[in-house]
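Engineer: Line by line, the protein sequences are chains A and B. Whatever position you read off the first sequence (first residue = 1), add 4 for the numbering used here. Whatever position you read off the second sequence (first residue = 1), add 27 for the numbering used here.
Simulated from the structure, these hints should not be mistaken for laboratory data. Among the hints, erroneous ones may be present.
Stated by the list, open to error - So, partial list: chain B residues that the calculated Cβ filter (under 10 Å) puts toward chain A:
no.	residue
1	Ser173
2	Ala178
3	Pro274
What the hints assert, rightly or not - Here are a few chain B residues that sit away from chain A, every Cβ distance over 10 Å (derived from the structure):
no.	residue
4	Ala29
5	Gly32
6	Glu49
7	Gly64
8	Val72
9	Ala127
10	Lys143
11	Gly184
12	Arg261
13	Asp351
Note that the structure is a prediction, hence the values are computed from the model and not measured. Ideal Cβ positions, reconstructed from N, Cα and C, are used throughout, including at glycine.
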Amino acid sequence: MSIGILAYGAYVPAYRLGRDSGLRGRRVVASFDEDATTMAVEAARGMTTEASLWWATTSPPYLDKTNAAAVHAALRLPPSVPAADLIGSVRSTFAGVRAALATGGLVVASDVRLGKPGSLDERAGGDGAAALLLGEGEAVAEVLGLASRTLELLDRWRDPRRATGEQWEERFGFEQYAGLVRDVAAELLTEAGLPEADHVVITSGNAGITKRPEVLVKGARSTVGSPIGFAGAADPLLGLAAVLDVAGPDETILVLSATDGCDGLLLRTTARLPGHRAPRPVADQVERGRDVPYPTYLSWRGLLERELPRRPEPDRPAGPPSSRAGGWKFGFAGSRCVECGFLHLPPLRVCRACSSLDAMEALSVADLTGTVATFTVDHLAFSPSPPVVDVVVDFAGGGRTTLEVADADPDALSVGSEVGLTFRRLFTAGAVHNYFWKAVVR
Amino acid sequence: MASKGIKDAVAIVGMGCTRFGERWESSTDDLLLDAVGEALGAAGVQRDDVDAYWLGTLSSGQSGLTLSRPLGIDYKPVTRVENYCATGSESFRNACYAVASGAYDRVMAVGVEKLKDSGFSGLLRADPPSDGTAAELSLTAPAAFSLLDPAYTNKYGVDPGAMREAMTHVAWKNHVNGALNPKAQFRKEVTRETIDRAPKVAGRLGIFDCSGVSDGAAAALIVRAEEAYDYTDRPIFVKALSLAAGPMRGGLDPAYDFTTFPEVVRSAADAYAQAGITDPRSEISLAEVHDCFTPTEIVLMEDLGFTDRGQSWKDVLAGEFDRDGRLPVNVDGGLKSFGHPVGASGLRMLYEVWLQLRGEAGARQLAGPRLALTHNLGGRPGGCVSFVSVVGNQRG
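Can you build the whole structure from these sequences, using the hints too?
Structural biologist: The structure is reproduced here in structure tokens:
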């Protein structure tokens, strides 16, 4: 059997830059507690693999340390699955796709795209993540071909010590890329014996390419660019996910990513697709969302320093305790008493209900929902974006814990509200990111 | 609980308490010297007559050296204790046991806290290195206690407006009481409108629903009961000392509803049994309780058995715990108005009942009190340590 796409997923953050930033549109922005790692977890929720995990980004939260290990832990993948970062440029994503096409595995691309205030990157970028699960088995799409062109080109670049990047004049890059995009498309379609593809997705950091993709390569049914603006490494997979959300069975999809050359992937959907689409369609995620005030956004990104509550900054999480508690911190697994069934979140060795010692089994509730037992808005607590909203959550089937609320709207919370879980970065202290789970109103 | 208690075995024969507040001019050393000096003076004894010391402080120093250095104590045993906000009571409890055991004749329990030097609002935590996941690392004390309010109104069908009035009454009452107390941090009455309109800190708790963040110290000299009259003609006898540390089940168990502190219920029952109290409502003359936040005092009235479940908010509004009510609570202003220098607070509560039971409380003196309760709590709803003492001015 050949390797195909078994599942896909996408994550679009909840916040939008509104009119007070001078934008006409609604720029998708990750919240203060999201980064390329947390969004990758959201995009790949529910997926698992025995093969490999490839994680691509241009905005890695860490260097030296493998970011994909946190994604691996949060997805509770088997320890034998290798996890690797593909970091630095948008092309990393296609490198991951190429690798996973050889061995099977999970490719997750995720990016927080930062631009200088008032820049094109701020205006026309987008934050988000998407995941593809590749492997043998019942696929939602088969792979018909993969092709590439490489070109050394000064179109987009960034000093590694700086948060924001540079671009040459857009028309220069456009003229370089246009021929490559057409070449890759022609090669893939010719080899597949197709006159055209049903759907064409063209993504690029060069706005000239994505402004009118149909002048380069036209799809019989649709020709689209990025669903949220240039989302860096996430862009090609987000574009593909949006098409997989709507494509019919037995339709061809051509994905073209123009960055330092061009990568192309030609797919044919199967009859399985309509019944196995991603649970959260990209269009729905883009449609929802709410505005964040521009000064708040700037403070989230460290571009504006605001007065915080008069509270000390938290301590950095420590390595050994974080390792010992890895199943809880990353996998959100508590301990359930095998004698009486009482679930402890976080895990404990002595049962709170029947006092049994070490009669526990690990149980993750990361994918469950719970109801709000009580909640509060804490104006005093330290937070990168006060106030902190906390809820006491009772899980369906037992177990209670207290969590911060992500993307909180206190007015929409009440006792009895249903919440799910989302993997977030609580804060960063001493250059250590404190990853943990938060409650989120679904 | 299986505690036997030490009823009437030991007595307080001298107490001291500094003025609480933002004591920018005074160091921890100064506060300790002032409180200890007042306690020694009240009992008419010298520093070197004290055989052993227990020092309670949450964060203003470590080890017994925090007390031996400023006092210049020569090679006496000094034990530092810490039990969250019940730290002051814990130093007193352990000091009492030392005398009751016969190991020492005269011991001193001291509590101190210097909170205002940090430059931060509220209490600071000194947590060990961790995985960074515990909610209490970020959730502040007012936020944790604010959870009582919606849970209580929800369980008993109390109109949130009426609950807000009851919370306001607690703050108003404790400010009225504190206004008569020359050692209190806040000595002004505050109108109900001001309390209601104060900026929010957490949930529905405004600034005036929260105890004062303060500096201060307090001390008690403890001797065997049969020798108490050698030091003073009005000693205070210890009837009961109880401490309960919870298993922290509430934060894990959906059955816990945030309308009670099981630890308080257990420690109160234990203390009443030790003291031989069967009806606290009629037998207790006054109570000093841990009003860290206004809903806490409302819930405590039920947990201590001063009123029925679901009734406290009504009794509070009816003024039953006012200074002229059926059971005066926090006549010195409480944590709310006297202030809450953590390690000192449990001893400050005892200081007020010491004054009241001796008839020395001045403008806020109650008529003929005989038996008093102090309640001191550390932690938060879902998991805390709770201390209850009963003391009286009669032996037997």
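Engineer: Each hint needs a verdict: does it hold in this structure or not?
Structural biologist: Verification of the supplied hints:
no. : hint   : verdict
1   : Ser173 : holds (5 Å)
2   : Ala178 : holds (5 Å)
3   : Pro274 : holds (6 Å)
4   : Ala29  : holds (17 Å)
5   : Gly32  : holds (26 Å)
6   : Glu49  : holds (14 Å)
7   : Gly64  : holds (33 Å)
8   : Val72  : holds (41 Å)
9   : Ala127 : holds (32 Å)
10  : Lys143 : holds (12 Å)
11  : Gly184 : holds (13 Å)
12  : Arg261 : holds (43 Å)
13  : Asp351 : holds (34 Å)
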